[in-house]
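K.L.:
Mind docking chains B, C and D on chain A? Use the hints.
Residue numbers (the numbering used here), protein chains in the order written: chain A, 1 to 278; chain B, 1 to 278; chain C, 1 to 278; chain D, 1 to 278.
It should be emphasised that the hints constitute simulated quantities derived from the structure, not laboratory data. Just so it is clear, the structure is predicted and the values come from calculations on it, not from any experiment. Just to be clear, a hint being listed does not mean it is correct.
One copy or any two copies: either way a pair holds, since identical chains are not told apart in the list.
List time: in silico PhoX-like cross-link candidates among lysine-lysine, alpha-carbon distance up to 25 Å [claimed, not checked]:
no.	residue 1	residue 2
1	Lys217	Lys2
2	Lys217	Lys16
3	Lys59	Lys9
Each chain, written out:
There are 4 protein chains.
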Amino acid sequence: MKPYRLASKDDRDAVKDTIIEISGANGPCLIGEGHCVIIAGPCAVESEESLLASARLVKELGAHVLRGGAFKPRTSPYAFPGLGVEGLRHLAVARKETGLPVVTEVLDVRDIDQVLQVADILQVGSRNMQNFSLLRELSRLEVPVMLKRGFAATVEEWLLAAEYLMAGGNDKVILCERGIRTFESSTRNTVDLGVVPLIKELSHLPVIVDPSHATGKWRLVRPVAKAAIAAGADGLMIEVHHNPEIALSDGKQSLNGASFARLMEEVRAIAQLEGKIM
Amino acid sequence: MKPYRLASKDDRDAVKDTIIEISGANGPCLIGEGHCVIIAGPCAVESEESLLASARLVKELGAHVLRGGAFKPRTSPYAFPGLGVEGLRHLAVARKETGLPVVTEVLDVRDIDQVLQVADILQVGSRNMQNFSLLRELSRLEVPVMLKRGFAATVEEWLLAAEYLMAGGNDKVILCERGIRTFESSTRNTVDLGVVPLIKELSHLPVIVDPSHATGKWRLVRPVAKAAIAAGADGLMIEVHHNPEIALSDGKQSLNGASFARLMEEVRAIAQLEGKIM
Amino acid sequence: MKPYRLASKDDRDAVKDTIIEISGANGPCLIGEGHCVIIAGPCAVESEESLLASARLVKELGAHVLRGGAFKPRTSPYAFPGLGVEGLRHLAVARKETGLPVVTEVLDVRDIDQVLQVADILQVGSRNMQNFSLLRELSRLEVPVMLKRGFAATVEEWLLAAEYLMAGGNDKVILCERGIRTFESSTRNTVDLGVVPLIKELSHLPVIVDPSHATGKWRLVRPVAKAAIAAGADGLMIEVHHNPEIALSDGKQSLNGASFARLMEEVRAIAQLEGKIM
Amino acid sequence: MKPYRLASKDDRDAVKDTIIEISGANGPCLIGEGHCVIIAGPCAVESEESLLASARLVKELGAHVLRGGAFKPRTSPYAFPGLGVEGLRHLAVARKETGLPVVTEVLDVRDIDQVLQVADILQVGSRNMQNFSLLRELSRLEVPVMLKRGFAATVEEWLLAAEYLMAGGNDKVILCERGIRTFESSTRNTVDLGVVPLIKELSHLPVIVDPSHATGKWRLVRPVAKAAIAAGADGLMIEVHHNPEIALSDGKQSLNGASFARLMEEVRAIAQLEGKIM
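Chain A with its partners taken away, still in its complex shape (with noise of 0.2 Å):
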């Protein structure tokens, strides 16, 4: 027996996939079977002016969410760390501006009501996945989470801690594989796509794909997204900066506006054939 029940797909009464919509100024966005989200934008909210021109950019090339840190986990004590509500500030503007829906995380339960202020969806990294304070706030909220596997996590793991949002009343649950540690270390993490179709099998919960920390090098991150999307996946979220060159983190993993055209043209190419609206 499963260890999970409201996440699992044989407990809902109709075998019905989870569609979560999203209102952006351009109408609404949906994410779930059937439709191809693209979420982009830089890894970290750096100025208004540099968020600005990442979100124009990634826009126009047909992003449906804008994506952008403002707290930023760091495993050093003296990185930095994202500009904090200044960044939220930030990523307000970009949202007004553009109309592109949100996504940032939240990383501590005192924060949640500030990033509430910008966010359409709040993420929950990879780090926290099992942050099991954060995941109760959260399953009191209406609005979509977006839960990143733990780095280490096993499915049946990330699907329980989905089960804990779902458990406290929240349904708006997006999983978002993004790479698993092991031995490997020619890429910054080990790209998992089995799971793709297995999730698929096992929840009725929309699940994405995020090339950019999988793979952690930017020249990979094309073939990645074409793969997870062909494995079934219900979407993408890539890190894109108007300039990487001078992103001040996670650069080496970031496309260009050039390579995110291409990348949307090919991605939509195999969208179409699997009979998905991008």
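P.N.:
Only chains B, C and D this time, still in chain A's reference frame:
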């Protein structure tokens, strides 16, 4: 500096990807950039009758090469070790009847001559990727070798194993990703599709993917196969059995005719997008 | 260059190992080089009665610190999450009665004040090793923090998490190895005893080992505990229950009184060889 | 039910641990429960002179068996592959002069006869643990075989490899843990000492530990060696070189005479506590 030379893309006077030609009764089959080779057949050769049934099936559905194990590496000394020389004879019959070239595994340096009687491609299995005696013997041949990635081998170790083959004079090496061992046990192995574009950057050698061993679950084979081609792989190795329910080994991960037919159709569409001849 | 400074051995003017003093009713307890601290008690606080029974037992057998979880991180939202504040009250009673200092886990920044009422050492669990909000709050305290290694954390990430605590001003950090996640599933985790002498080289901080979580099997706890001290660890954290068969969590890995008594005797002999006061 | 029988503790009429007797010039050397065997010597045989220097050193310091590789498995085809047959001749000389029994690796079924001329124990290396052709040949001999754990092998796979040897009639199998491959790269491998007491529960076969390959850093070898014996191992395999700085392979993990002397002294004290004859 890279520790491998002959397998490296950099060291080729002309940066030309290796394309390997296999001659079948129905004309040559090409393995490498720009082509999408489909290798299919049962995990193990079980009987002449059964092999022929599977061989006819995969040929009819468009496979280019027949796979089938006569010598099987088995974790337990009490498990079915394959039919050995008798299995080779069945492969010869199937090869003759269908005209499909044959790939089969060689486990022991002393078996090479016999396996060469029937094999168009010699397979080095995952557990033997660092069996350097075997690699050295195979490096003296002119027959193509398919080198499966060790289930815990890094990309560098894998390319160095290819280098063993090439350093001895055999430049017809086909790499095959078949999943790596990680903490995740919901799939048999974790398929590492990030390495497909990585290998394409590092090496001129063809790289194919085996989604059957990688996932261990037949329902995941088709999506992962498509993902592999979308990631840039030069082909697939698929376990197909005319009746998986009675297969002596790996029945759970084998496709039947209907599933393989659907896989072929969907893979063909992606190969076409990728500009690959299939 | 090492990415951490305060946690590093190199950066101390005088290369002096950190020794942390905890005051118990029976005099001070020292944690660090030259000492062997034994922390023991039940996985979770289950009731006042049960906790007292286990606390008396471990005290009698020579433990220096009482462990017991009031707030338990649980993979499933449906599992027993600990008694919470009520559990803290029971810990206070046991602390008072036995005179043993108490270590207990804090999961949520909002619980810190309450946990501080009873805890002599605050535990950061494996899943929270990179909960940077929590680390930052704890860095402002003067209370010792036991930082468990993340189950998939590298040594560098672990020391950087310690650096978070120290960078904020809390230099009373105790490292605790509790096993890492690998492909091997015959033990709950893989205990990594090679890191014990490695940490001793890299850092001046005390490092102890938790063989209960590392192995998940009570019969393996004693041998691994002895191995840890032989490898140079500064102490142990052991799950002991007065009646493991009725334990609400982790009963399989808990020692009963007789097993713990034997462990203490055998560990004492090795600690003596190592010149450690126990 | 366990998939192995002969290697299992349960299947022995009398539950008696296997003790293997090796005859040396100085009397028999016993490997198994109640004894602590020390195998020491250089990684590779480099020259007669060098081998003799190291052999005399380890003998003088109390080692029971001499190790030294004539055939070396090397990741790169361009690395020093060992002296081969010439190396075997040097081993014969060292064996004769010191009276120490010799363990050396056999890589190829075709080399077995030659290796048997000099080896008292045949070593199956980590990469060959599942080289079933090799195991089958060795199963027909009466010479003891030391079976190193594959660097990504589960305990069950390891015991099944032992079962291969025993199923063919060779019951003189010595297991050797040498570290497994994990995400952690601060040590060469992750030494898995939890498996030592686990193997003791599951099997009657002797199990020893190789802390040199496990850690890859000579400064970690002594603490891990002590930990192994404290965990219940039946002995150690240690790389010792009379002058590690000029060693052709693995110099970084080799002990010199002074370090080995200290290791012997400290290990002896722990072996004594454990009631083991050393």
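K.L.:
Next step is simple, just say for each hint if it's right about the structure.
P.N.:
Status of the hints after comparison with the structure:
{"no.": "1", "hint": "Lys217 x Lys2", "verdict": "between (36 Å within a copy, 18 Å between copies)"}
{"no.": "2", "hint": "Lys217 x Lys16", "verdict": "between (36 Å within a copy, 23 Å between copies)"}
{"no.": "3", "hint": "Lys59 x Lys9", "verdict": "neither (34 Å within a copy, 37 Å between copies)"}
Hint violations for this structure: number 3 only, all remaining hints satisfied.
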